[in-house]
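Those sequence lines, one after another, are chains A and B.
Here the working numbering is used: position 442 in the first sequence is 444, and no number is missing along the way.
Here the working numbering is used: position 18 in the second sequence is 448, and no number is missing along the way.
Check each hint, because a few of them may be wrong.
Claimed, not checked - Residues from chain B shown here face chain A by an in silico Cβ test under 7 Å; the list is partial:
| # | residue |
| --- | --- |
| 1 | 463 |
| 2 | 513 |
| 3 | 514 |
| 4 | 543 |
| 5 | 546 |
| 6 | 572 |
Unchecked claim - List time: in silico EDC-like cross-link candidates among lysine to aspartate or glutamate, alpha-carbon distance up to 16 Å:
| # | chain 1 | residue 1 | chain 2 | residue 2 |
| --- | --- | --- | --- | --- |
| 7 | A | 293 | B | 557 |
| 8 | A | 58 | B | 557 |
| 9 | A | 309 | A | 178 |
| 10 | A | 419 | A | 147 |
| 11 | A | 104 | A | 216 |
| 12 | A | 309 | A | 6 |
If you are wondering where the hints come from, they were derived from the structure by calculation, not from laboratory data.
Just so you know, even glycine gets a beta-carbon here, dropped at the ideal spot from N, CA and C.
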Amino acid sequence: MERELIGVFGLVALFLLIMLRIPVAFAMLLTGVAGTWVLSLASPFIKFGPYLLQFKTALWNSVANYDLSVVPLFVLMGFLAAETGLSRDLFQGLSALTRRIKGGVAMATILACAGFGAVSGSSIATASTMSRVALPELRRLNYNEGLSTGVLAAGGTLGILIPPSVALVIYAIVVEASIIDMFQAAIIPGLIAVAFFLIVIRVRIARNPTLAPEPAPMNDTDIRHAIRRLVPVAVIFGSIILGLGMGFFTPTPAAAVGVFLILVYGLGLRAVSEDGLTWPRLRNALLATAKTASMIYFILFAADILKGFFARTNLPAALSDWASAASLDPYMILIAMLVILIVLGCFMESLSMILVIVPFFWPVLIQLNGGDFVSPEDAAFGMSTSDLRIWFGILALIVVELGLITPPVGLNVFVIKSFSPMTNIATIFRGVAPFFAIELVRVGVLVLMPGLALYLTRVL
Amino acid sequence: MSFKATFARVIDAWALFGGALILIIVGATAINAAGFTANTLARLWGGSVPGLPGYEDAVTLLVGVAALAMFPYCQLHGGHAAVDVFMQKAPAWANRAITGVSAVAMAALAMTMAVMLVHGTLQTRADNVETAVLGWPVWAFMWTAVVSCLLWAGAALMPLVATDGAGDGT
Chain A
3 MERELIGVFG LVALFLLIML RIPVAFAMLL TGVAGTWVLS LASPFIKFGP
53 YLLQFKTALW NSVANYDLSV VPLFVLMGFL AAETGLSRDL FQGLSALTRR
103 IKGGVAMATI LACAGFGAVS GSSIATASTM SRVALPELRR LNYNEGLSTG
153 VLAAGGTLGI LIPPSVALVI YAIVVEASII DMFQAAIIPG LIAVAFFLIV
203 IRVRIARNPT LAPEPAPMND TDIRHAIRRL VPVAVIFGSI ILGLGMGFFT
253 PTPAAAVGVF LILVYGLGLR AVSEDGLTWP RLRNALLATA KTASMIYFIL
303 FAADILKGFF ARTNLPAALS DWASAASLDP YMILIAMLVI LIVLGCFMES
353 LSMILVIVPF FWPVLIQLNG GDFVSPEDAA FGMSTSDLRI WFGILALIVV
403 ELGLITPPVG LNVFVIKSFS PMTNIATIFR GVAPFFAIEL VRVGVLVLMP
453 GLALYLTRVL
Chain B
431 MSFKATFARV IDAWALFGGA LILIIVGATA INAAGFTANT LARLWGGSVP
481 GLPGYEDAVT LLVGVAALAM FPYCQLHGGH AAVDVFMQKA PAWANRAITG
531 VSAVAMAALA MTMAVMLVHG TLQTRADNVE TAVLGWPVWA FMWTAVVSCL
581 LWAGAALMPL VATDGAGDGT
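One chain only, chain A, in its complex shape (with noise of 0.2 Å):
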């Protein structure tokens, strides 16, 4: 049998044991060495035992891997944030600043969560933490509860692309491109998507002013007591994108600091007060890590075995070879990547998406754009491979999370679901559609401006 058909059949394989709701990266695991073992009976030169070896050390040396070391501490970063109460600090502060503006709860509520999405770097964290955290506070107030809940869905998503991630973080160690580089190249992209949903947040509320309240006076009194809650926030955020973009830093220091810099915060809070850090408080945090942290290690352990497995079968390079020979529009082929990781973000994480797709997907624009050392100037897509690989990242990231926010699985969508179980889940998926569109738009507006995405890469 052909190599290439064997991977075929092995990504087939890989599918069909993910939709028996198998764990992913056990599916991957199993697909990468069975498929290895079919290619060893159909190769002479694969040989099964030998490569059966590499596992006395492979898992070992999988995580014991100073690189990877960035993963625990922002997931620890996120956890501390939320049980040190900097993210409802972080809300509470910004919505009265915002209160006097009609429906500034709400908007205060996406800026929320792009501030603790910087700090958490997960989609999902962030629209669990911040739904504990503005819900009560938007059902106060009256808001529209399709309005309130998708806000919040759509917000969560801000999570994955407001630096420091640890989906850019993996991202780039998939693709071999700089930590620091898809940082700076995810700003304006995750400020566009700020400015984005507080546009629909004004639209909406224009064409419907009973979707929010009317807008609430505020004394000085008050906006020193928000501005007060909102230094801890700025300082500890400021110093890692400070130290990150200064250079004093990288991704590893950045995190420990980061979580250095909240854990002294909790610890000083507790000693003045009933808040800050206890101990159940900073256990929780360390459980959560564990749970996070392993998930993801263990799909990164497997994503190595299954790309191996994919190698050997050189279905990536046949597949990047025929889409050189095509002769096929390199932008029509982008758009159907897109499309294609939309529709497997509605069904699968979004991590382990990136892991099995993106290496099936990177050779092909690679040979779209004209091989790996075109210039800009005789690239499909106007620019260098290492400015490819940023861009295509980006856009990747943003379409896998719209699966998060997108019917059936929609994986935000029941995160808020589970914190307001009254609310029909078909009101939260209504409230959250024209977010969707919004996003939709950004992703074409990226296509077709790629240099909003690498324009800080560039300057900084």
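Model the placement of chain B on the given structure of chain A, informed by the hints.
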């Protein structure tokens, strides 16, 4: 206390041990980052501030131990990403069958990893593999990975224990 509850507490404690190692990494990294920042500033005046010697060696080994210590907890609490949407529509017996097969297969995988890691640890010890700067023996950290994989295998089988009540001990 039931066997299941005791086992869950062992796994919680092992995960918290991993968490404690992450906090040690945070402390070491924060000190190192402060040193690096101070060095960047000191260079402006011709001075220098050293970082922690062998910092990357220590982080590499500690994060390896910590990450694997968290695997059993993730398994026990259903933390591994899975796609539920198709099986929701399947009959109950099919769901039970898939859960059982998945649990046994995952336990088999974790046990295989444990056995392979025993060989790997012995080989690493025999080869006298040490970290580049600190000279720490790698095998002395690798054995914890064996413990993690054994606990991971046990955690994978817990859904079966919960279903039929065997081993509950109450």
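> When the nearest CB of chain A is found for residue 513 (chain B), is that gap smaller than 7 Å?
Replying inline: holds (5 Å)
Would the hint linking residue 309 (chain A) and residue 178 (chain A) be met if the CA-CA limit is 16 Å? Given that 16 Å is the threshold and the Cα spacing comes to 14 Å, the pair holds.
**Prompt:** Against chain A, is residue 543 (chain B) within 7 Å by beta-carbon distance?
**Reply:** Because about 5 Å separates residue 543 (chain B) from the closest Cβ in chain A, which is inside the 7 Å limit, the hint holds.
Assess, step by step, whether the Cα of residue 419 (chain A) is no farther than 16 Å from the Cα of residue 147 (chain A), and give holds or violated. holds (11 Å)
Inset, instruction - Classify the hint on residue 546 (chain B) as holds or violated, based on whether any CB of chain A lies nearer than 7 Å to its CB. - result: Interface hint status for residue 546 (chain B): holds (4 Å vs cutoff 7 Å).
* Asked: Is the Cα-Cα distance between residue 58 (chain A) and residue 557 (chain B) 16 Å or less?
  -> holds (14 Å)
### Message
Check the hint pairing residue 104 (chain A) with residue 216 (chain A) against an upper bound of 16 Å on the C-alpha distance.
### Response
holds (6 Å)
Restraint: residue 463 (chain B) near chain A, CB-CB cut 7 Å. Satisfied or not? This hint holds: residue 463 (chain B) lies near chain A, its Cβ roughly 4 Å from the closest one there, short of 7 Å.
- request: With a cut-off of 7 Å on the beta carbons, see whether residue 514 (chain B) makes it to chain A.
  value: Result: holds, 6 Å to nearest chain A Cβ.
- Message: For a C-alpha distance cap of 16 Å, please report whether residue 309 (chain A) and residue 6 (chain A) respect it.
- Response: holds (14 Å)
What's the verdict on residue 293 (chain A) and residue 557 (chain B), does the C-alpha distance respect the 16 Å limit or exceed it? violated (34 Å)
Q. If you take the shortest Cβ to Cβ gap from residue 572 (chain B) to chain A, is it below 7 Å?
A. holds (6 Å)
Of the numbered hints listed earlier, the single one contradicted by the structure is hint 7.
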